[in-house]
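Protein chains in written order, with the working numbering: chain Y, 94 to 182; chain D, 94 to 182.
Since the hints were made in silico from the structure, they are not lab data. Bear in mind the structure is a predicted one, so any value in this text is a computation, not a measurement. Any given hint could turn out to be false.
Which copy is meant is left open, because identical chains are indistinguishable; a pair holds if it fits in one copy or across any two.
In silico DMTMM-like links for lysine to aspartate or glutamate, alpha-carbon gap of 20 Å or less [stated by the list, open to error]:
| id | residue 1 | residue 2 |
| --- | --- | --- |
| 1 | Lys153 | Asp170 |
| 2 | Lys182 | Glu123 |
| 3 | Lys163 | Glu181 |
| 4 | Lys128 | Glu156 |
| 5 | Lys155 | Glu123 |
| 6 | Lys155 | Glu177 |
| 7 | Lys153 | Glu177 |
| 8 | Lys132 | Glu177 |
| 9 | Lys155 | Glu124 |
| 10 | Lys158 | Asp170 |
| 11 | Lys158 | Glu177 |
There are 2 protein chains.
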Amino acid sequence: MIEDNVVFIGNKPVMNYVLAIVTQFNNGAEEISVKARGKAISRAVDAVEVSRNRFLHDIKVKEIKIGTEKIETDRGDSNVSIIEIVIEK
Amino acid sequence: MIEDNVVFIGNKPVMNYVLAIVTQFNNGAEEISVKARGKAISRAVDAVEVSRNRFLHDIKVKEIKIGTEKIETDRGDSNVSIIEIVIEK
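Chain Y extracted, bound-state conformation (with noise of 0.2 Å):
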């Protein structure tokens, strides 16, 4: 099975995950998965609009999920939102 390019979006400037997607496209990958959780998720929505606006005219959304992860934390457990966007050239 070869392991698909993924891109964790965090809590740097956007402009550093469009550069990460770049970059992977063109180190050939022909799918990336961008994947975010809690805030984070509205800069992945921002992260592939402007690789796809400004820099990639050809790639586009192949698919996109949303669910819900557990995490812990110092005071139990609790959930954050996910997001996963899987664009293709």
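Once you have looked at the hints, place chain D on chain Y.
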């Protein structure tokens, strides 16, 4: 043409929008479109996930679309990301 039910996500607490979604389904809606832009995108995913996990176990995500919208600000045009999550019974 029948106008679909739409819930716009803003800056209020997530539960306000969960209540709006649950109410619309209870009022007979078969399908609801949850829309948000900018930083509210994360909250839109939260609202759908909380509705689905805690209140309406029989709803599912039909389609998720993302895009970019131009908005006019004091300092000229600016781009903002948007999301539309269509959920159905």
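Going down the list of hints, with the structure as the test:
no., hint, result
1, Lys153 x Asp170, "neither (36 Å within a copy, 24 Å between copies)"
2, Lys182 x Glu123, "within (6 Å within a copy, 35 Å between copies)"
3, Lys163 x Glu181, "neither (29 Å within a copy, 24 Å between copies)"
4, Lys128 x Glu156, "both (12 Å within a copy, 18 Å between copies)"
5, Lys155 x Glu123, "within (11 Å within a copy, 26 Å between copies)"
6, Lys155 x Glu177, "both (11 Å within a copy, 15 Å between copies)"
7, Lys153 x Glu177, "both (14 Å within a copy, 16 Å between copies)"
8, Lys132 x Glu177, "both (14 Å within a copy, 17 Å between copies)"
9, Lys155 x Glu124, "within (9 Å within a copy, 22 Å between copies)"
10, Lys158 x Asp170, "neither (23 Å within a copy, 30 Å between copies)"
11, Lys158 x Glu177, "both (5 Å within a copy, 12 Å between copies)"
Of the numbered hints given earlier, the model fails hints 1, 3, 10; all others are met.
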